[in-house]
Structures are given as C-alpha cells and as structure tokens.
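A.B. asks: Position 228, counted from 1, in the sequence shown is what this note's numbering calls 415; the numbers after and before it change by one each time, with no gaps.
Hints may be right or wrong, so weigh each one.
[Unchecked claim] Calculated lysine-lysine pairs in the BS3-like style (CA-CA distance at most 25 angstroms, straight line):
#, residue 1, residue 2
1, K297, K390
2, K410, K312
3, K312, K404
4, K339, K297
5, K297, K389
6, K359, K390
7, K390, K339
8, K389, K404
9, K297, K312
10, K369, K312
11, K312, K257
12, K389, K359
13, K339, K359
14, K312, K209
15, K297, K369
16, K339, K404
17, K404, K359
18, K404, K390
19, K359, K369
20, K312, K359
21, K390, K410
22, K359, K410
23, K389, K369
24, K339, K389
25, K390, K369
Just so you know, the hints here were simulated from the structure itself, not pulled from any lab data.
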Amino acid sequence: MTSPFVSAVQSNNLESLVELFKSNPSRSTIGDLLQAYDTVATSDPANADAYHTTLAALQNSPNVPEVVDKSDDGSEIRESFDRVFNRSLFNAIGGLLNEEADNEVTPANKYLIASLISGSAIKTKACFSSDQVGAITVGLHFADSDYTSYLKPAEYEVKAVGALIQVLSAAKRILEIEWLYKSDLQAGVERIGGVITSASGKKVHEAATALAQGGFKDAWESKDIWALLG
C-alpha cells in the first residue's frame with residue numbers, strides 16, 4: 188500500500204501535506220515526508236519542478252504548525268516548521284549529491300538525477316545552499332574550486348554534465364541572488380566542453396552554451412532538461 192506521504196508528494200497535494208503534518212507536528216513526520224520525497228523525486232526527476240514548487244509552498248504556508256519535540260529532560264521544544272524543514276531538505280539534497288554513482292552519462296545515473304533535483308530546488312526556492320552551488324563550480328572546473336582535489340579525471344564528464352544540468356535549471360536564480368558572477372559562469376560553460384564526449388552530454392552542453400550566450404535569462408523546465416538525456 189502506498190504511504191499517504193508518497194501519495195501527497197506524487198499528486199502535489201499541498202493541503203494533504205499540511206494535514207499530515209498537523210496530525211503529528213514532529214521531526215519524525217518531516218522525516219517521513221522527506222523519505223517519500225526522495226522516493227518520488229529520484230524515480231521521476233522529470234517532474235522535479237512540480238514537486239519542489241509544492242514543497243516551497245509548504246514551507247511558506249501559514250497553516251503549518253510549529254515543530255514540537257521533547258528535550259532530554261522532557262521539556263517541550265518548539266521550532267518553526269520552515270526552518271526545520273529547510274534544514275532537513277538541505278541535508279536530503281546534499282546526501283543525494285554525495286552518493287556514489289557511475290561515470291556513464293545516462294538517465295539512470297544517480298548523480299545526474301541528483302543534479303536535476305538540486306537545480307530544480309534552487310530555481311523554485313525550495314532549497315538553496317553553498318553545497319549545491321559548489322557542485323556547479325567543481326563540475327565546471329572553476330579555478331578556485333580546487334576541483335582536482337575532489338574529482339578523478341574519470342569523473343570529469345559526469346560531474347560536468349551534472350553541473351550543466353543545474354545551470355540549465357538554476358543559473359538565472361543563482362545570478363539573481365549574486366552567488367556567482369555571470370562572466371565566470373559563462374566561462375565555465377565554455378571551458379568544460381572539452382571533457383564531454385557522450386552524445387547526451389553534448390546535447391546538455393549545447394543547451395547550456397546557448398543559455399550562457401543569451402545571458403542566462405531563462406530557466407529550463409525539469410522535464411525538458413531530462414529529455415536531453417533520453
């Protein structure tokens with residue numbers, strides 16, 4: 188039987204998610220929700236934008252109560268839902284980006300799935316962190332990213348494609364909040380083309396190159412990004 192959390196996430200049912208949390212406003216409920224999110228988003232990354240739009244709305248909903256837990260001495264601890272949930276979502280996405288994955292550029296690659304999820308989360312304002320942006324700068328071999336300490340040469344292509352997937356989705360938002368310079372991002376997209384050899388990877392790079400040349404004025408939808416790998 189499908190859990191109510193999975194059903195609510197799959198159907199982007201904000202009202203159901205609010206009611207589930209109201210019934211048990213605790214960290215364990217947030218854990219159940221994020222476990223469902225992980226299951227749904229990783230199995231259907233093409234619809235990441237829809238899932239993250241709903242999660243962003245959940246974080247901003249005035250109808251969600253505070254998180255209530257007990258301290259070691261039995262006293263009650265209360266925290267705002269948005270703060271606890273955002274921190275937990277950050278940990279979930281960071282975990283996905285750090286999972287072991289193979290170096291083949293295919294839709295089954297866990298790192299590419301995580302990259303689409305991360306970029307979508309940034310774009311929709313569901314979750315934004317230095318770790319997510321760091322995956323972009325390392326993947327695009329920014330000079331100050333110390334990428335040679337993080338990556339083996341065999342990983343260059345898949346990490347580059349992952350970075351470009353995030354660029355297609357989130358570059359516009361990243362530049363809006365001034366976490367990277369446009370010129371640096373444009374140079375990174377151009378520079379990284381030499382490590383990409385797969386047909387699918389080249390399609391992603393071509394799309395990112397066109398976006399960079401246009402000044403990153405648009406944000407690709409998750410379903411269109413994922414279609415490039417198909």
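A.B. asks: Work down the list of hints and note, for each, if the structure agrees.
C.D. replies: Each hint tested on the structure:
1. Taken as a hint, the K297 and K390 pair is honoured in the structure, with Cα atoms around 19 angstroms apart against an allowance of 25 angstroms.
2. Among the hinted pairs, K410 with K312 is consistent with the structure: their alpha-carbon atoms are about 18 angstroms apart, no more than 25 angstroms.
3. Proximity of K312 to K404 is assessed by CA-CA distance (about 17 angstroms); at most 25 angstroms being required, the pair is judged to hold.
4. A C-alpha spacing of about 17 angstroms is found between K339 and K297, which places the hinted pair at or below 25 angstroms, so the restraint holds.
5. A hinted pair counts as satisfied when its Cα atoms are at most 25 angstroms apart, and K297 with K389 qualifies at roughly 19 angstroms.
6. Distance check on the hinted pair: K359 and K390 sit about 20 angstroms apart at the alpha-carbon level, within 25 angstroms; holds.
7. A threshold of 25 angstroms between alpha carbons decides the hint, and for K390 with K339 the separation of about 23 angstroms falls inside it, so the pair holds.
8. A distance of roughly 21 angstroms separates the Cα atoms of K389 and K404; the hinted pair therefore holds under the 25 angstroms criterion.
9. Restraint check for K297 and K312: the C-alpha separation of about 22 angstroms stays at or below 25 angstroms, so the hint holds.
10. Of the pairs offered as hints, the one joining K369 and K312 holds, with about 20 angstroms between alpha carbons and a cut-off of 25 angstroms not exceeded.
11. A threshold of 25 angstroms between alpha carbons decides the hint, and for K312 with K257 the separation of about 30 angstroms lies outside it, so the pair is violated.
12. About 21 angstroms separates the Cα atoms of K389 and K359, which keeps this hinted pair within 25 angstroms; it holds.
13. Only pairs whose Cα atoms come within 25 angstroms are accepted, and K339 paired with K359 is rejected, the gap being roughly 29 angstroms.
14. Pair hint K312 plus K209 holds up; C-alpha atoms about 23 angstroms apart against a cutoff of 25 angstroms.
15. For the proposed pair K297 and K369, the alpha carbon gap of about 28 angstroms is over 25 angstroms, so the pair is violated.
16. Taking the CA atoms of K339 and K404, the gap is about 33 angstroms. The hint is violated against a cut of 25 angstroms.
17. Restraint check for K404 and K359: satisfied, since their Cα atoms lie roughly 6 angstroms apart, inside the 25 angstroms limit.
18. Of the pairs offered as hints, the one joining K404 and K390 holds, with about 19 angstroms between alpha carbons and a cut-off of 25 angstroms not exceeded.
19. Taking the CA atoms of K359 and K369, the gap is near 9 angstroms; set against the 25 angstroms cutoff, the hint holds.
20. Simply put, K312 and K359 have alpha-carbon atoms about 12 angstroms apart, close enough for the 25 angstroms limit, and the pair holds.
21. This hinted pair checks out: K390 and K410 have alpha carbons roughly 15 angstroms apart, not beyond 25 angstroms.
22. Simply put, K359 and K410 have alpha-carbon atoms about 17 angstroms apart, close enough for the 25 angstroms limit, and the pair holds.
23. Distance hint between K389 and K369 is fulfilled; the C-alpha atoms sit about 22 angstroms from each other, no more than 25 angstroms.
24. With a CA separation close to 20 angstroms, the supplied pair K339 and K389 stays within the 25 angstroms bound.
25. For the hint pairing K390 with K369, the CA-to-CA distance comes to about 22 angstroms; that is within 25 angstroms, so the pair holds.
Of the numbered hints given earlier, the model fails hints 11, 13, 15, 16; all others are met.
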